[in-house]
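**Q** Protein sequences, first through last, are from chains A and B.
Mapping of the first sequence onto the UniProt record's numbering: position 27 corresponds to residue 27, and the numbering continues sequentially without gaps.
Mapping of the second sequence onto the UniProt record's numbering: position 5 corresponds to residue 5, and the numbering continues sequentially without gaps.
Misleading hints may appear alongside valid ones.
Note that identical chains are pooled: a pair holds if it fits in a single copy or bridges any two copies.
[Unchecked claim] Below, simulated SDA-like cross-link-like pairs (lysine to any residue); rule was C-alpha separation at most 25 Å, straight line:
id, residue 1, residue 2
1, 221, 340
2, 221, 195
3, 221, 191
4, 221, 162
5, 221, 370
6, 221, 348
7, 221, 166
8, 221, 347
9, 221, 156
10, 221, 351
11, 221, 328
12, 221, 165
13, 221, 333
14, 221, 345
15, 221, 337
16, 221, 192
17, 221, 346
No lab work stands behind these hints, which were simulated from the structure alone.
2 protein chains.
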Amino acid sequence: MAQVAGHAAEVLDLFRTLGPLSRIEVIEHTGLSRSTVNQRLAALEGAGLIREIGGAESSGGRPSSRFAFAADRARVLTADIGAMGFTLAVCDLAGTPLAHLTRDVEVWAGPEQVLGMVQEGFDELADPADVWAVAVGVPGPVEFAAHRVVNPPIMTGWDGYDIAAAFQTRYPGPVVVENDVNARAVAEARVTGTDNLIALKLGTGIGAGLVFNGRIVRGDKGAAGDIGHTRAAHPDAEPRPCHCGNLDCLETYAAGWALVRTLAESGRDVHRTADVVALVAQGDMEAVRLVRAAGRAVGESVATLVSVLNPRVIALSGQLAQCGEVLLSGVRERMYQQTLPLATRELQVVVSDLGELVGVTGLALTAIDTLLAQDSLDAVLAVPA
Amino acid sequence: MAQVAGHAAEVLDLFRTLGPLSRIEVIEHTGLSRSTVNQRLAALEGAGLIREIGGAESSGGRPSSRFAFAADRARVLTADIGAMGFTLAVCDLAGTPLAHLTRDVEVWAGPEQVLGMVQEGFDELADPADVWAVAVGVPGPVEFAAHRVVNPPIMTGWDGYDIAAAFQTRYPGPVVVENDVNARAVAEARVTGTDNLIALKLGTGIGAGLVFNGRIVRGDKGAAGDIGHTRAAHPDAEPRPCHCGNLDCLETYAAGWALVRTLAESGRDVHRTADVVALVAQGDMEAVRLVRAAGRAVGESVATLVSVLNPRVIALSGQLAQCGEVLLSGVRERMYQQTLPLATRELQVVVSDLGELVGVTGLALTAIDTLLAQDSLDAVLAVPA
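Bound conformation, chain A alone:
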C-alpha cells in the first residue's frame, strides 16, 4: 500500500493549499508522470479525500474535470486546555471549527478529572466513528514526539502523563499533544500566510509561540516560549514576587492572575481574568489603568524579541486580548520605542482574527498535518470510503 500511496500526501497537499485543480495542473505542479498522477487521484478519490467537481468549459469545448479537497470527509476533535478551563471543538479536515463548547476547570485538578471532562465534551461534539484525529493543547512545555508534558510549572499531576493514551483506544487515528501557544502560532502562520511570527497568549498566564522559517521553534527541551517569566524591563522600585519564585517576572505586571490580585487588593470583586476584562469593558478606571500598564510591560518584552527575531506578525490572543486597544496601544508604544526601524518596517501587531477559536484551529491544523503526512495517510488510503 505504501508503494501505491507514495506521493499521495504531496498530491493531496496541493489541493489543501491551492484549491481545486485539474489533472493537468497536478501534473504540472508535481512533475509526476500522468500515470502516477492518475493512480494517486484514484486512490485519494477512493478514500473520499478529494472529489470531482464540475469543470469549466475549456477553450477546446471539452469540459476539463477538476478535483477538490473534501474537507468534510471526516472530523478532528480538539481540546485547548488553559489554566482555568478548556475549549473543545469539532473541526473539518480544513481545520475549520464546526461546533465548540467551553468548560471551567482548573488544570491542576489533574489529568484524570480534566481529561474525563474533555472526553464527555468530545462525546457531545462528534460520533467517534467520524473522528480521524485528535489534538490536545496544554499550558505547559510539551515533548511533541512523546505526546507528553515535561516539567509543567502550573500543571500539577500532569508530568509525564500519557495524554495521547487516554484517547487512543476510543479514536484509532493520530492523537497529538501540543503546547497551547505553539498551536496558536501554527494557526496564525497558516491563516496569515506568514513564515516568521510570534503568537502571544495573554490569559491567566502569559506564553509565546514562535514560528520561524515556517516551523515551530520548540527549543532544546520543548521549553521555548516562556516569555511570562522573563524579567520585566522597567520593574517598580518595590519588587513583585512571582509564583515561580523569582521577582519582577513579566507575569507579575501583565498576567491575568496578577491583575486579579491587584484589583482584589484595591477592593474590587474580581476572581478570574474574565472579571478583569468585564471591568475594563465597564470603563473601571483602575482596571483600565492596570491593563494599559500591562500592555506597556508586554511591549517592552516584545521589543527585545522583535530586535532579536525580526518577526513579520505579532498576534495576541487569550482573554486579556479582548481588551483590544486598551491593551494594544501600550504594547505598540513601548515596542516601537525600543526597536530599530528595519525590524519594524512591515511588522504587524494585531489581536488574532480567529478570536478564542485560534487555539482549537491551530490544534486541528497540527493534527491534520500529522494525519495527512505520508505514513499516516497510507493507513487512511487502505480504508476506502
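With chain A held as given, fit chain B onto it using these hints.
**A** Below, chain B alone, put in the same frame as chain A:
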C-alpha cells in the same frame, strides 16, 4: 547533465557527514538502486570529489573498497569583515581553514576600499584557478538570496552594494554574502552537532546569530540577531546614550566601543577593543570591573533569550570573548538567576572552541553547502578533474 547528477548531492552529503563509506553502505543509507549509486559514485569520482581508499579485508576475504570525501579537491575563500578589520582564510571543502590573515580597516571606509583590500588578501592566499566558492561575512543585516546588505547601521556606503558582483568575475563559482554572526552560528551548530543554538559576537559591537530547528533564523527582513540594541535589563540611574539614538542599549554596557569610551574617560590609553582585552590580561582593576559588569549585562539579556528560545548552546566569540572567565562568570551568574530550570538543565554557555576562526569557518561551510547543493553541483560535475 542534471538528469545524471540527480541524487549526487545526496550521495556526496553522506560522505561529508558520515565519513568514508562502501558502495553497499551508500545503497543502504540512500535507498537508491545499485546502478544509480554506481553512476553517482563514478560521476563524483570523475569530478575528484570522492576518491577510493584502501578497504578493510571483509570477512569473506574479498577487500571491500570504500570512498572518502576529497576535501582537498578545491579551495573556498572567505572574508569575515568586522567593524574595525577583517579576517581572510582559504579553506578546504570540509570548511577547515588552511591559511589565514587579518587586516585593520574600518568598515565605514566603504565597499570599494574594503573589498579591494580583501581581493589583495585573497590573491595572497589562493590561486583563483583552485577556488570553487567565495563567502563574505559582513557586520550588518543581509538579504541572503540577493547577496546584499540592507540598511546596515554601521556600514556607511554599503547599502544595496552588490558584494557578490565584486568577486564573481574573478571566481566563477558561487559567491555568498552572509551576516557575520549568522556565519558563526552555522559553524558552532555544525561543530557541536546542535540544532538549537545562539552564537554571540562580543566585539566592537554586539550581535547574535540564531540556529533553531537546524536552520539560520533570519527573520522577516534579514534583521534577526540585533541583541546589541535591546534595552539593558538593569540600566544605571543615569541614562546612557547609544550611537543608534536610543538610551541604555545593551551595547552601551557591554560593547567594545562603550568599554573603550569609559576607560578612555578614566584616563587609560585605549583606542580599540583589543586595548581593553590587553588591560584585562594585565589585571587592570577598572578594566576587569567593567568587563565583569559587561558580562552581567549580557547575561541578563541572554536570560530572556534562553527563556523564550530554549537553546542548547550559547557560544561566545569576538574579541571580548578572549577575556574568558572574567566575562563568562558574569554572563552565567545573571543568566541562571532569571531563568527556570527546565530551560537551563542541559544548557552550555561556552567561549567558542574555534576561536577567532569561527567566522571564516562558518562562512566556508555556508559557501560549501551552496556549492555542493544539487543545482550548483551539476555545474561542478560537468567539469571532470
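**Q** Decide, hint by hint, whether the structure agrees.
**A** Structure-based check of each hint:
1. When the C-alpha separation of residue 221 and residue 340 is checked against a cutoff of 25 Å, the pair qualifies only between copies, where the shortest distance is 12 Å, while the shortest distance within a copy is 31 Å.
2. For the identical chains of this complex, residue 221 and residue 195 are neighbours both inside a copy (22 Å) and across copies (12 Å), given an alpha-carbon limit of 25 Å.
3. Only between protomers do residue 221 and residue 191 lie at most 25 Å apart by alpha-carbon distance; the minimum there is 20 Å, versus 27 Å within a single protomer.
4. Proximity of residue 221 to residue 162 under the C-alpha cut-off of 25 Å is restricted to the intra-copy arrangement: shortest distance 17 Å within a copy versus 41 Å between copies.
5. Taking the closest pair of Cα atoms, residue 221 and residue 370 come within 25 Å of each other only inside a single copy of the chain (21 Å); across copies the shortest separation is 30 Å, beyond that limit.
6. With identical chains, the CA atoms of residue 221 and residue 348 are at most 25 Å apart between copies only, with a shortest distance of 13 Å across copies and 29 Å within one.
7. For a Cα distance limit of 25 Å, the shortest separation of residue 221 from residue 166 inside one copy, 23 Å, qualifies, whereas the shortest one across copies, 44 Å, does not.
8. With identical chains, the CA atoms of residue 221 and residue 347 are at most 25 Å apart between copies only, with a shortest distance of 10 Å across copies and 29 Å within one.
9. Taking the shortest Cα distances, residue 221 and residue 156 sit within 25 Å of each other inside one copy (19 Å), while across copies they are farther apart (41 Å).
10. In the homo-oligomer, the alpha carbons of residue 221 and residue 351 lie at most 25 Å apart only across protomers (22 Å), although the nearest pairing inside one protomer, at 29 Å, exceeds that limit.
11. In this homomeric assembly, residue 221 and residue 328 come within 25 Å of each other (Cα to Cα) only across copies, at 23 Å, whereas the closest approach inside a single copy is 31 Å.
12. In this assembly of identical chains, residue 221 and residue 165 lie within 25 Å of each other by CA distance solely inside one copy; the values are 22 Å within and 42 Å between copies.
13. In this assembly of identical chains, residue 221 and residue 333 lie within 25 Å of each other by CA distance solely across copies; the values are 21 Å between and 33 Å within a copy.
14. In this assembly of identical chains, residue 221 and residue 345 lie within 25 Å of each other by CA distance solely across copies; the values are 9 Å between and 33 Å within a copy.
15. Within a single copy, residue 221 and residue 337 get their C-alpha atoms only as close as 33 Å, which misses the 25 Å cut-off; across copies the closest is 19 Å, which meets it.
16. Taking the closest pair of Cα atoms, residue 221 and residue 192 come within 25 Å of each other only across two copies (17 Å); inside a single copy the shortest separation is 28 Å, beyond that limit.
17. Proximity of residue 221 to residue 346 under the C-alpha cut-off of 25 Å is restricted to the inter-copy arrangement: shortest distance 9 Å between copies versus 32 Å within a copy.
In summary, this structure violates none of the numbered hints.
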